[in-house]
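These protein sequence lines are chains A and B, in that order. Sequential numbering from 1 applies to the first sequence in our numbering. Sequential numbering from 1 applies to the second sequence in our numbering.
Among the hints, a few may not be true.
Each pair may be met inside one copy or between any two copies, as identical chains are not told apart.
With a straight-line Cα cutoff of 27 Å, these simulated DSS-like cross-link-like pairs (lysine-lysine) come out [said to hold, decoys possible]:
id, residue 1, residue 2
1, Lys272, Lys351
2, Lys359, Lys424
3, Lys284, Lys272
4, Lys14, Lys58
5, Lys58, Lys188
6, Lys148, Lys188
7, Lys58, Lys351
8, Lys148, Lys14
9, Lys284, Lys58
10, Lys359, Lys284
11, Lys147, Lys194
12, Lys188, Lys147
13, Lys14, Lys110
14, Lys351, Lys424
15, Lys58, Lys166
16, Lys58, Lys194
17, Lys166, Lys188
18, Lys284, Lys378
19, Lys272, Lys359
20, Lys194, Lys272
By construction, these hints were calculated from the structure, which means they are not laboratory data. All values derive from a computational prediction rather than experimental measurement.
Protein chains: 2
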Amino acid sequence: MDEQEAQELYTELKELLEARRMRDLRERLSEMNEFDVAEFLTELEPQPMAMVFRILPKEQAAEVFANLDVDAQEHIINTVSDRELGEIIEELYVDDAVDMLEELPANVVKRVMRTATSETRDLINQFLQYPENSAGSIMTAEFVDLKKYMNVRESFARIRRIGADKETIYTCFVTSADRHLEGVVTVKDLLLAKDEDILEDIMDTNVIHATTTDDQEEVSTLFSDYDLLAVPVVDREGRLVGIVTVDDVIDVMEQEATEDIEKMAGITPSDKPYARTGAIEIWKNRVPWLLFLMIGATFTCIIINNFESALATQAVLIGYIPMLMGTGGNSGSQASVAVIRNLSIGELEFKDIFSVLWKELRVALLCGVTLASANFVKLLLVDRLLLHNLEVTIPVAATICVTIIFIVFVAKAIGCTLPMIAEKLGFDPAVMANPLITTILDTLSLLIYFLVARLMLGI
Amino acid sequence: MDEQEAQELYTELKELLEARRMRDLRERLSEMNEFDVAEFLTELEPQPMAMVFRILPKEQAAEVFANLDVDAQEHIINTVSDRELGEIIEELYVDDAVDMLEELPANVVKRVMRTATSETRDLINQFLQYPENSAGSIMTAEFVDLKKYMNVRESFARIRRIGADKETIYTCFVTSADRHLEGVVTVKDLLLAKDEDILEDIMDTNVIHATTTDDQEEVSTLFSDYDLLAVPVVDREGRLVGIVTVDDVIDVMEQEATEDIEKMAGITPSDKPYARTGAIEIWKNRVPWLLFLMIGATFTCIIINNFESALATQAVLIGYIPMLMGTGGNSGSQASVAVIRNLSIGELEFKDIFSVLWKELRVALLCGVTLASANFVKLLLVDRLLLHNLEVTIPVAATICVTIIFIVFVAKAIGCTLPMIAEKLGFDPAVMANPLITTILDTLSLLIYFLVARLMLGI
Chain A
1 MDEQEAQELY TELKELLEAR RMRDLRERLS EMNEFDVAEF LTELEPQPMA MVFRILPKEQ
61 AAEVFANLDV DAQEHIINTV SDRELGEIIE ELYVDDAVDM LEELPANVVK RVMRTATSET
121 RDLINQFLQY PENSAGSIMT AEFVDLKKYM NVRESFARIR RIGADKETIY TCFVTSADRH
181 LEGVVTVKDL LLAKDEDILE DIMDTNVIHA TTTDDQEEVS TLFSDYDLLA VPVVDREGRL
241 VGIVTVDDVI DVMEQEATED IEKMAGITPS DKPYARTGAI EIWKNRVPWL LFLMIGATFT
301 CIIINNFESA LATQAVLIGY IPMLMGTGGN SGSQASVAVI RNLSIGELEF KDIFSVLWKE
361 LRVALLCGVT LASANFVKLL LVDRLLLHNL EVTIPVAATI CVTIIFIVFV AKAIGCTLPM
421 IAEKLGFDPA VMANPLITTI LDTLSLLIYF LVARLMLGI
Chain B
1 MDEQEAQELY TELKELLEAR RMRDLRERLS EMNEFDVAEF LTELEPQPMA MVFRILPKEQ
61 AAEVFANLDV DAQEHIINTV SDRELGEIIE ELYVDDAVDM LEELPANVVK RVMRTATSET
121 RDLINQFLQY PENSAGSIMT AEFVDLKKYM NVRESFARIR RIGADKETIY TCFVTSADRH
181 LEGVVTVKDL LLAKDEDILE DIMDTNVIHA TTTDDQEEVS TLFSDYDLLA VPVVDREGRL
241 VGIVTVDDVI DVMEQEATED IEKMAGITPS DKPYARTGAI EIWKNRVPWL LFLMIGATFT
301 CIIINNFESA LATQAVLIGY IPMLMGTGGN SGSQASVAVI RNLSIGELEF KDIFSVLWKE
361 LRVALLCGVT LASANFVKLL LVDRLLLHNL EVTIPVAATI CVTIIFIVFV AKAIGCTLPM
421 IAEKLGFDPA VMANPLITTI LDTLSLLIYF LVARLMLGI
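With the rest of the complex left out, here is chain A (with noise of 0.2 Å):
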């Protein structure tokens, strides 16, 4: 459905509940995909979208909500009975339940304990004290669970009857009397298999599986690595307790790709979307590395105020500080990134670190002699004759071209290394990474352009 049919399907919605033909909206409803129904209700003002939601078929409704977003919900809790709102959180998948109550204000949190069973209650509570993104943070715990001595026969009898409640039926898992995971097995092995098969013939006792304190990232890798649709979570004592299944991966993947961009760029990440983090809270996340990079350009302010007098002599380089600092910059955090995400997804690891600053230095070379000679002409056809600047002498040109490629060496040398270190020692790469590299290459590229300087003009 692209942006336009919704837009018509929307407003046909929308002139049906106006004129309150309330039986032909649920009608209409009904045959809509959950997604679909919980993106017309955000669409609503508060009150006729908790409306609309009373009415949804009991079986669409806790789909429809688990869609919804956080301010949604908490207005539908506020609105819905104790007796409606219990229903909706039995029907909820335990993670879907445990994100929302993550989010909500502590006293609806409150009610809404208080109105689901005991069972579902010590579920949530169990779910909710694993720790943040954690593979027990993500994981459902609503799966099929098979023994061993069961035939194939007995096994789909058993799908059938569980399996409609089920995140997914589709990986099976085959536990002990004692719940420890000795097998999975998947619906396509059963369905290929004779009616008769014993599932301990049958089951795949290799299983892939996550423990509740894996960090998520690591349960995304499985997915991708082996192709799976649903990973088994395991306690310490390697008893079953949840699954993760590939929907919430996909999810987390998400997730996960936008802390990298958010630390890249000097951003403390956070679980909430931007549109609903108020101005205080993205002030808190951004603000430390701004003041840490203001503070570590005192380096680069000794450093010129150093050079001061020497300056005053061939004020002509003065001008070009930015541009020096700006080609380090750049330059160190094309290698930073592309090192950082590569470690990120796995294609790179610390004993790469000769052959990247091999691959480095080369780039260096090449860009470093692109960029030295395209600014030569520069400098010498716009700046001296376009611009008419006559202090722009072959020799100042020169020494600006020089350090040009030192620059560029070091900030590739650097970008492309630290990260690694910053991983082998244990630190996050894309945090510690960025905001030192740049600190460090702002205050090189400033002490090599002096250098040169004084080498080639004897300032």
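Add chain B to chain A, keeping to what the hints say.
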């Protein structure tokens, strides 16, 4: 399997290989996951790698092959006989075959195409024609198609008969006699229905689908919005030509995030992993932005030259140029990166531009005041008292701090609006916005600095 376990396993396997115990090696490998076997093969030298590959059981070989990188694939193709090669190609899913062929040298491609059956060859040729990064280029032709007059028992019989070679059996596609897509039915629906139910009654006719020319990013949005395992791809006439499965989309998402990150760092994105990209190609991907920014810095140079004589009277101001330009650049890139990422994952749209701007202006006020206050204290305590720079008077410090506040305001405002305007105009916000924003902000930061200094210090 963690790094250490993997190393132990590889050592054990290598010992079997060196002892020429090929039967034991084959036995061990056949128990392993295809991804792990491929990882083991890439640890070996080319010759033993090809040897080990050839002892793999036939049904495992094709999937291991699909998991190898293209260099290893090429080596194996050059080692095996035409008959063996033909068998591998027939076993590969067509999307994996196409991925490989797009990267192999022309002479190897020729040999692969020659050994394939004419049916496979036609299919591959058809797939190779879809534009890069389109739904057509990532889809596969191996899916389960059913007819609407079939009942559940007949459907299961067909799934059992043809399912073994299909990339997924869990989503089945109901097509008409002329291959038009009429509905989808999942194995879950089938399992929960009665044997005699007719597909027409249980299938979902409201099918979420893509067309062959859709961008792969739109396809991945369908998966994350609707929690799907497979999306059907239809041609312009509405005929079903292939499906995209969730495991392919996970790769697409990783690739798209990498591209966004590269674009923001001024790197032309490439599909090739860093480790397999040569220095010259990396240079080609990086140097255009460096050149653009270097030439863009002409503006800063002109501004500094224009204020040169004024600066001579207050030379202390020169030392703070890098800090102020850095603060502007960093403030701006925080805003632009946040907006670009949220545009790319569909959390923001052009119509949000005013609410985003309003939020960023409040963030700018908070950040600007924080930075200015911290800097005022730092200037007087560190630069004046500690470093004995007596030129840092209170009016000078005030000038610098007022400048910071203005710069942060301008940087946040431009940083958040320019990507949204770029998107509205049909440009890629990640590519268009960053180089432009940097150049604009560097120029404006300097202008603001000198104008504030002229007003406050009378230079």
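Query raised in the report: Does the structure break any of the earlier hints, and which numbers would those be?
Result: As far as the earlier hints go, 7, 8, 9, 13, 20 are violated by this structure, in ascending order.
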